[in-house]
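Asks: The whole structure should be built from the sequences, with the hints applied where relevant.
Line by line, the protein sequences are chains A and B.
284 is the number of the first residue of the first sequence in the numbering used here; add one for each residue after it.
804 is the number of the first residue of the second sequence in the numbering used here; add one for each residue after it.
A few of these clues could be false.
[Claimed, not checked] Calculated lysine-lysine pairs in the BS3-like style (CA-CA distance at most 30 Å, straight line): (1) A:LYS400 to B:LYS1028; (2) A:LYS389 to B:LYS1028; (3) B:LYS830 to B:LYS867; (4) B:LYS949 to B:LYS930; (5) A:LYS536 to A:LYS521; (6) B:LYS930 to B:LYS867; (7) B:LYS949 to B:LYS1028; (8) B:LYS1142 to A:LYS389; (9) A:LYS389 to A:LYS400; (10) B:LYS830 to A:LYS373; (11) B:LYS867 to B:LYS1028; (12) A:LYS501 to A:LYS521.
Don't read these hints as lab results, they were simulated from the structure.
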Amino acid sequence: MLSASYNPRGEEKLRLILGQLAALRSRLNGLAFQQGVFVGLALLISAAAIVMLAAFMLYPLAFLMIGAATTLACLAGLALASRHVWRMHKSAEAVAALADERAGLKGRLLTLVALQKQTARSPLWPYLVEDATLRREDFAPARIERRRISGALYALLVALIAAGLVAPLANHGRRAVALVKRGQAPLTLNLRDLNIQPSDRLAQNGARLNGDPNTMRKLAQMMANAQRKEQNKDLLSKMMRSAHDLAGNLQDKITGRQSPPLDIRLADNGDSGSDLVPPPAEGNRNPPEPNGPRSGDAGSPQQGAQPPARGAEDTQPGGNPSGLAMQAPPNTPNEGQPQSGTDTHPFADQQRRGSDGGGASHGAGTDPQSLYGPPDTEMKSEGSFQIAIDARPGSAGHAANRAYPPRVNVPLNTEQHPDEPIGRTAVPAEDRSTIKRIFER
Amino acid sequence: MSAALAEPLTVADFARTFRRIQGEIHKVIVGHELAVEGLLSALFAGGHVLIEGVPGTGKTTLVKALGSALNLSFNRIQFTVDLMPADITGTRVILTGDDNRREFTFQPGPIFCHILLGDEINRATPKTQSALLEAMAERQVTVAGKSYRLAPPYFVMATLNPIEMEGTYALPEAQLDRFIFKVSLEFPDEAELVRIISSTTGPEEAGIGPVFAHGEAAGRIEALKHLVREVMVAPAIEHYAARMVRATQPSGARFLGERRGAPADDAVNRYVSFGSSPRGAQALILGAKVRALLDGRANIAYEDIDAMAPLALPHRIMLNYAAHSDAVEAAHVVERVVKSVRATRT
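Replies: As structure tokens, then:
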């Protein structure tokens, strides 16, 4: 009684409507998929560019932090993008609701899609089908969603442009490293000058060590001592060292700075019996360079040409099975450097050259009258004086090295001699009670 | 069933009939367009309506106009504190038959009609009010253990006077819930007042022409009510209405049990002590169906639910003391609820 007359072509019209909605759904879901792919690629490319840039421009620990943060951000971004794409994925009903909203159809399509499978249909169903058929133009896919390509393509393009700007920098860096590698010459190091520290066993590039059996034996003993010292360090220091090594290795791989194993010839020119394990900051000893030789160091031109923060600190799986790394003072003599003819002591040599480390070497036992050489004839002003200081920031990864004093770059005069460490001697028996009383007080 | 009813009714028939009745009523009622539409929507949705307005805003005139336009029987009961249930339902009286035998015969009260106006229903005692309840819900009256059916369409319009509250008995929530909508007759603005003056103080009174012929009115209205029930609703929109009704309940409501949904709006938590009952959802859907037919559609849209919420929900919401002290009305809370639920559309 109440129903509008049923149209025999109603099912055909319904199929047309549903087909049009299916086309719209394909378009919308395609856009969602495109957005996922574009955003994902843009994130990956951006993250790679940032990591590459950080590898070339930052110190290892900074690189490690930036790299880790970038990786985490990239992963989080990928997860969010995936979630967003999943939510953008439309069911048939969601597409109908969207088309209703955009075409102002007030729930007609949503009702059609939701109730089409019902067997007991309302008498008003033909009216609804006819009504929706008349409005087919309103919900044509091109009218509901004009785009065929997702707007996320712009994000991908921006990421590609950013990567394109970083790529020349990377190539330039790699070429520079290759040039340095070609000019690398074998090194001769004095065993006493080495600051031996445990290093990452997984390090790829190390050094091939050779020397006379006596020197190698001493080296092994120094390594064992260093290993013991390392075991006594706290967990945080060990972790910091591991992080530093890891960051350095990664940085090397990314930048191509990974140099072939160095040929290092070890010599034992000093008094090996007194100090087999040179402590890093003991007495007036020159502190070891935390990041190895720097490019600005005078007196070591070959090492100075190497990239910063690397150098001899790398491990040597072949030549150094114990996983220890060596750090040479910045003025370590090598074959390519003029050696002192009379005094082969490294400290004497460096002071004679007046490159750096002078202030740190001066102290007890030096004639105070001529400590800094003859006075400067040119007075700057009344009551003033001039001291050149070569101060360097310590590496962030070596907490123990942060307290080193700056190097005072003052040349010694010809009558000055470098300081020698004071050897430990036994306290005379007659003085023991006095010393004990003083310290107990 | 008359020949006219044999013709199938269409969506267009409904809209045309609705607009004709509306037009006839507006011959005597100036303004109050939303109230008249709400009143007719309640009629075709098969519910009863509560009309609130200050004295003189045309409550009684509106109901009389509706009765005249529909060409249906119309009664008016002025509720007072001494009105007894039997006064409205009817009672058994002793009548003498043709054979001089006396017997108890049921004498129907004023409740037996198609359209009933209960004027100032809150002035009657709860006992009398409850007598009206059975008639509204069951569409029957029970007197002395015998039930009497009320002829369809049965439509109750009760008025509430929001002022002069002394000596009144506020309708309990259970009674308020039986009214599908509550419409408010606002005080007319100056232009409307001028039109009221000129149309009611002249020598001629506006006459209302009946939309239906005398014999077929009840049948036509019942058919139109049936057509309303045939309007289709997508499950997503049913869920939307259900979410809206649940959203009127504060988060801490005990009766929600483990079936709590999304956290309620701040206004609901702060000002509502008890939200809408499930009848609120039924009212939303039925009112939306009427609105869809008026718009020429055979289906409900989200917008229909939103539009019916201010009519169907406020009188079902119990506000707490905080709301009274802050002068917050239920309509304001419903507005917030609609806004918050609208954001959850699929």
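Asks: Each hint: holds or not?
Replies: Okay, the hints, checked on the actual structure:
This hinted pair checks out: A:LYS400 and B:LYS1028 have alpha carbons roughly 26 Å apart, not beyond 30 Å. For the proposed pair A:LYS389 and B:LYS1028, the alpha carbon gap of about 22 Å is at most 30 Å, so the pair holds. This hinted pair checks out: B:LYS830 and B:LYS867 have alpha carbons roughly 12 Å apart, not beyond 30 Å. At roughly 19 Å between alpha-carbon atoms, B:LYS949 and B:LYS930 fall within 30 Å of each other, so this suggested pair holds.
Between A:LYS536 and A:LYS521 the alpha-carbon distance is near 23 Å, which keeps this suggested pair within the 30 Å criterion. The suggested pairing of B:LYS930 with B:LYS867 holds, with an alpha-carbon distance near 26 Å, which does not exceed 30 Å. Annotation: proposed proximity of B:LYS949 to B:LYS1028 holds, straight-line Cα distance about 28 Å (limit 30 Å). Our distance criterion of 30 Å between C-alpha atoms is met by B:LYS1142 and A:LYS389, whose separation comes to about 18 Å.
Our distance criterion of 30 Å between C-alpha atoms is met by A:LYS389 and A:LYS400, whose separation comes to about 20 Å. For the proposed pair B:LYS830 and A:LYS373, the alpha carbon gap of about 50 Å is over 30 Å, so the pair is violated. Proposed proximity of B:LYS867 and B:LYS1028 is supported: the alpha carbons are some 21 Å apart, at most 30 Å. Annotation: proposed proximity of A:LYS501 to A:LYS521 holds, straight-line Cα distance about 25 Å (limit 30 Å).
Hint 10 from the list above is the single one not met by this structure.
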